[in-house]
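Line by line, the protein sequences are chains A and B.
Under this note's numbering, the letters of the first sequence match residues 1 to 416, in that order.
Under this note's numbering, the letters of the second sequence match residues 1 to 416, in that order.
Keep in mind that the hints were calculated from the coordinates and are not lab data.
Treat the numbers as computed from the prediction; the structure is a model and nothing was measured.
Glycine included, C-beta positions come from ideal geometry on N, C-alpha and C.
It cannot be assumed that every hint is accurate.
[Stated by the list, open to error] Here are the in silico distance ranges between beta carbons for each label pair: (1) A:D250 <-> B:E258: 28 to 38 Å; (2) A:G182 <-> B:G253: 21 to 31 Å; (3) A:V345 <-> B:R406: 25 to 35 Å.
[Unchecked claim] Counterexamples of contact, computed for chain A against chain B with all Cβ distances above 10 Å: (4) I58; (5) E66; (6) A86; (7) D91; (8) K130; (9) Y134; (10) K174; (11) D175; (12) D180; (13) Q237; (14) R295; (15) P357; (16) T381; (17) V414.
2 protein chains.
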Amino acid sequence: MEKELKGACIIGQSGGPTAVINASAYGVIRTALDTDCITKVYGAAHGIKGVLDDKLYIMDEEDPHELELLKNTPSSELGSVRYKIADPEKDDTDYKRILEIFKKYDVRYFFYNGGNDSMDTCEKISRYMKNVGYECRVIGVPKTVDNDLFGTDHCPGFGSAAKYIATSCMEVSKDARVYDKGMITVVEIMGRHAGWLAGSAALASYCGSGPDLVYLPEVDFNYEKFCEDVISIYKKQGNVLVAVSEGIHDAQGRFISEYGSTTAQQKDAFGHAQLGGLAVQLADELKKRTGAKVRGIELSLLQRCASHLASKVDVDEAVLAGKKAVEAAVKGESGKMVAFERKYVNGKYTCRTKLLPLNSVANFEKKVPLEWINKEGNNVTKEFIDYAMPLIQGQPKREVENSLPRYARLKKIVAK
Amino acid sequence: MEKELKGACIIGQSGGPTAVINASAYGVIRTALDTDCITKVYGAAHGIKGVLDDKLYIMDEEDPHELELLKNTPSSELGSVRYKIADPEKDDTDYKRILEIFKKYDVRYFFYNGGNDSMDTCEKISRYMKNVGYECRVIGVPKTVDNDLFGTDHCPGFGSAAKYIATSCMEVSKDARVYDKGMITVVEIMGRHAGWLAGSAALASYCGSGPDLVYLPEVDFNYEKFCEDVISIYKKQGNVLVAVSEGIHDAQGRFISEYGSTTAQQKDAFGHAQLGGLAVQLADELKKRTGAKVRGIELSLLQRCASHLASKVDVDEAVLAGKKAVEAAVKGESGKMVAFERKYVNGKYTCRTKLLPLNSVANFEKKVPLEWINKEGNNVTKEFIDYAMPLIQGQPKREVENSLPRYARLKKIVAK
Chain A
1 MEKELKGACI
11 IGQSGGPTAV
21 INASAYGVIR
31 TALDTDCITK
41 VYGAAHGIKG
51 VLDDKLYIMD
61 EEDPHELELL
71 KNTPSSELGS
81 VRYKIADPEK
91 DDTDYKRILE
101 IFKKYDVRYF
111 FYNGGNDSMD
121 TCEKISRYMK
131 NVGYECRVIG
141 VPKTVDNDLF
151 GTDHCPGFGS
161 AAKYIATSCM
171 EVSKDARVYD
181 KGMITVVEIM
191 GRHAGWLAGS
201 AALASYCGSG
211 PDLVYLPEVD
221 FNYEKFCEDV
231 ISIYKKQGNV
241 LVAVSEGIHD
251 AQGRFISEYG
261 STTAQQKDAF
271 GHAQLGGLAV
281 QLADELKKRT
291 GAKVRGIELS
301 LLQRCASHLA
311 SKVDVDEAVL
321 AGKKAVEAAV
331 KGESGKMVAF
341 ERKYVNGKYT
351 CRTKLLPLNS
361 VANFEKKVPL
371 EWINKEGNNV
381 TKEFIDYAMP
391 LIQGQPKREV
401 ENSLPRYARL
411 KKIVAK
Chain B
1 MEKELKGACI
11 IGQSGGPTAV
21 INASAYGVIR
31 TALDTDCITK
41 VYGAAHGIKG
51 VLDDKLYIMD
61 EEDPHELELL
71 KNTPSSELGS
81 VRYKIADPEK
91 DDTDYKRILE
101 IFKKYDVRYF
111 FYNGGNDSMD
121 TCEKISRYMK
131 NVGYECRVIG
141 VPKTVDNDLF
151 GTDHCPGFGS
161 AAKYIATSCM
171 EVSKDARVYD
181 KGMITVVEIM
191 GRHAGWLAGS
201 AALASYCGSG
211 PDLVYLPEVD
221 FNYEKFCEDV
231 ISIYKKQGNV
241 LVAVSEGIHD
251 AQGRFISEYG
261 STTAQQKDAF
271 GHAQLGGLAV
281 QLADELKKRT
291 GAKVRGIELS
301 LLQRCASHLA
311 SKVDVDEAVL
321 AGKKAVEAAV
331 KGESGKMVAF
341 ERKYVNGKYT
351 CRTKLLPLNS
361 VANFEKKVPL
371 EWINKEGNNV
381 TKEFIDYAMP
391 LIQGQPKREV
401 ENSLPRYARL
411 KKIVAK
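For reference, chain A alone in the conformation it holds in the complex (with noise of 0.2 Å):
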């Protein structure tokens, strides 16, 4: 063990929001809380761009019900970015900045809770301090609903939002189903190079009201073959759904979404394309062949922040990442992110934590086993079942107001 090191922490969240990231916030602020050596507790506004701008809400100040609400409040209550960090050996600018913000506050641990991009920063800014010769240890803390993160099991964000997406499948499977002939319906799901979510709609069939295809971005894509699988079963049966991802590209990697655009591509700050419109396209395209009436269904935003069908299992594992992260930092760790290994005790799942070097992380995206797509390439298989649904389980206690979410109403004081 380390010798104790005394100083302040930072918590900052930073790209896409998922219902359970505040969970994992709560669990680093209630734990630094509650750790003595931390003397202070900040929240950076807006992730990196909160230290860059001095802007730090203290969490000491806050109060402690409304800081347990933050375990079902959606999305980044501290506020997200999508700031791109430069190498700090070609551009040290920002992190010079950082340093300072870091001494005035006596930061001696820094917390940052986010996908791949975030564990990117974060891996720069530990080898930057540790270079520099600051005493600050730095650990990711993961999340992301595309669950395509390196070295764990699973992230914190997909668990919630596989359970909405087959939750929401199952209803409109429901709905889509309701005249005996002449629906086709197609649902877009999240997911750019990795089909995690968009299988998970697939959980929806396995409880007996679901897509009866689903189509993944770890396969090319062929429309053909698309078509005539829909077809086929609409033939059969009068109507069909079907679950895709956004991420469904051809041979030659080009995004099916890009095939029809109309719209003007949006990019974001990494560059990422920002997909969509991909569900009425494939739609449309079904109604020209075979006169069906068609929907065309995104799930959007919609399935990364419904905190109000997390799963109890994500929200106790997203707090428990937060919560091992403090722990981690304050026995000596630094330049990790804490990770998941999944256990089955007597046929039960359950899950520990360990830690991984960032830039073993950062930057890799882990996709779905082949193994677990099937041969047609329209479904996954069992394995995948099984590796979903225990991620998906119990229903977190949630306090409502007037029937609706109540979520933690923070005061955010800044720093001086």
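Given chain A's structure and the hints, the job is docking chain B onto it.
Coordinates of chain B only, in the frame set by chain A:
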């Protein structure tokens, strides 16, 4: 009280699904099964089509617990239909067939569960049976997420859809404001001619996290004024969330969704245009004018089948409507629709039923009173909130399996 009428009953469902139309079916079925003079309870497969096709399910054969699960099963479990029945005075072909089937199964009670068009069907059947002197009591059981049925304070299905919309808008509002600037989000909500559902988005704002602007079809939509509204808030806040009804139209009555339509307009069997794509269209225009990152989100089918977020008030009232329909028929009523009256007892919302002549409700549409829309035409007033809030209250007990909804599994044994 009329003389007791002994005979079988048929329950049919029609029109677009809701989260609670099956709760009404349950109310009818359960009450009919428990009523001595009703000798047999049939469920028509796909509404009136099931009668014409002689496809009737024997409800007496169903497991009572599975029937009870109908209370939380979305969409129309017996199957729905969009079939425009002729005027009996002009073409009585269908009616002769219906009479034949009624005689075959000794049907003396007919309950039809649907919206405007279904009440029209119901009224015509009632009229025909009276004219030919076949004793059959016909009662309409209302449902529509649109809440546009005339003569009733509100309609089963609306409360649950409103709750889904408000909850989703609360979540999306958190997500759409996670970055400190540069984001405009447009949410498109169902409602062809009435803004009840779009207005419900304001319940989210009332509870602290919802749209900044809400546009209803009751007010002519001015595109330029809309853009000014949005951009003015965008300049102030850096992000904007807008809710629009799919039915917004210009002063000439042209749907805004038709302005940039690239897809062939779909029409249903009643000649209603199938709207959609509006959110993306508006978002694109706002992107052009502001350069902001934009999102167009269409709540699509999700909003009308979200039984996982059903309001307990709505489910209970839906069951009540079905129950009261049977009780009224047994007492001798016919050619009526069950309607709701709201009463505040010691400031507390209560609801009781009444009966309305079918010909007074069919084909009229109830719109949001203009006094409940603000002067700017870009939001609803407190009166709207006070009207809608009681209808979304409470969380019904719902059964789950693998933490996913457990829907009714009916045997659907077809009568020979």
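A quick look at each hint next to the structure:
Range check, D250 of chain A to E258 of chain B: about 32 Å between beta-carbon atoms, so the 28 to 38 Å window is met. G182 of chain A and G253 of chain B have their C-beta atoms about 29 Å apart, which keeps the hinted 21 to 31 Å range intact. With their beta carbons about 27 Å apart, V345 of chain A and R406 of chain B fall inside the hinted range of 25 to 35 Å. With a minimum CB-CB distance of about 19 Å to chain B, I58 of chain A clears the 10 Å threshold, and the non-interface call stands.
No beta-carbon of chain B comes within 10 Å of the beta-carbon of E66 of chain A; the shortest separation is about 13 Å. At roughly 20 Å, the least C-beta separation between A86 of chain A and chain B is larger than 10 Å, which holds for a residue marked as non-interface. The non-interface label for D91 of chain A is consistent with chain B: the shortest C-beta to C-beta separation is roughly 23 Å, beyond 10 Å. Consistency note on K130 of chain A: stated as away from chain B, and its beta-carbon is indeed over 10 Å from all of that chain's, at 30 Å minimum.
The non-interface label for Y134 of chain A is consistent with chain B: the shortest C-beta to C-beta separation is roughly 27 Å, beyond 10 Å. Residue placement check: K174 of chain A does not keep its beta carbon more than 10 Å from all beta carbons of chain B (closest about 4 Å). At roughly 4 Å, the least C-beta separation between D175 of chain A and chain B is not larger than 10 Å, which violates its mark as non-interface. At roughly 5 Å, the least C-beta separation between D180 of chain A and chain B is not larger than 10 Å, which violates its mark as non-interface.
For Q237 of chain A, the requirement that its beta carbon stay farther than 10 Å from each beta carbon of chain B is met, with the minimum near 13 Å. Not every CB of chain B lies more than 10 Å from the CB of R295 of chain A, the least distance being 6 Å, so the non-interface label is violated. In this structure P357 of chain A is separated from chain B by more than 10 Å, as the shortest Cβ-Cβ distance comes to about 29 Å. Listed as outside the interface, T381 of chain A is consistent with that label: its C-beta sits roughly 17 Å from the nearest C-beta of chain B, beyond the 10 Å cut-off.
No Cβ of chain B comes within 10 Å of the Cβ of V414 of chain A; the nearest lies about 14 Å off, and the non-interface call holds.
Violated hints, in rising order: 10, 11, 12, 14; the structure is consistent with all others.
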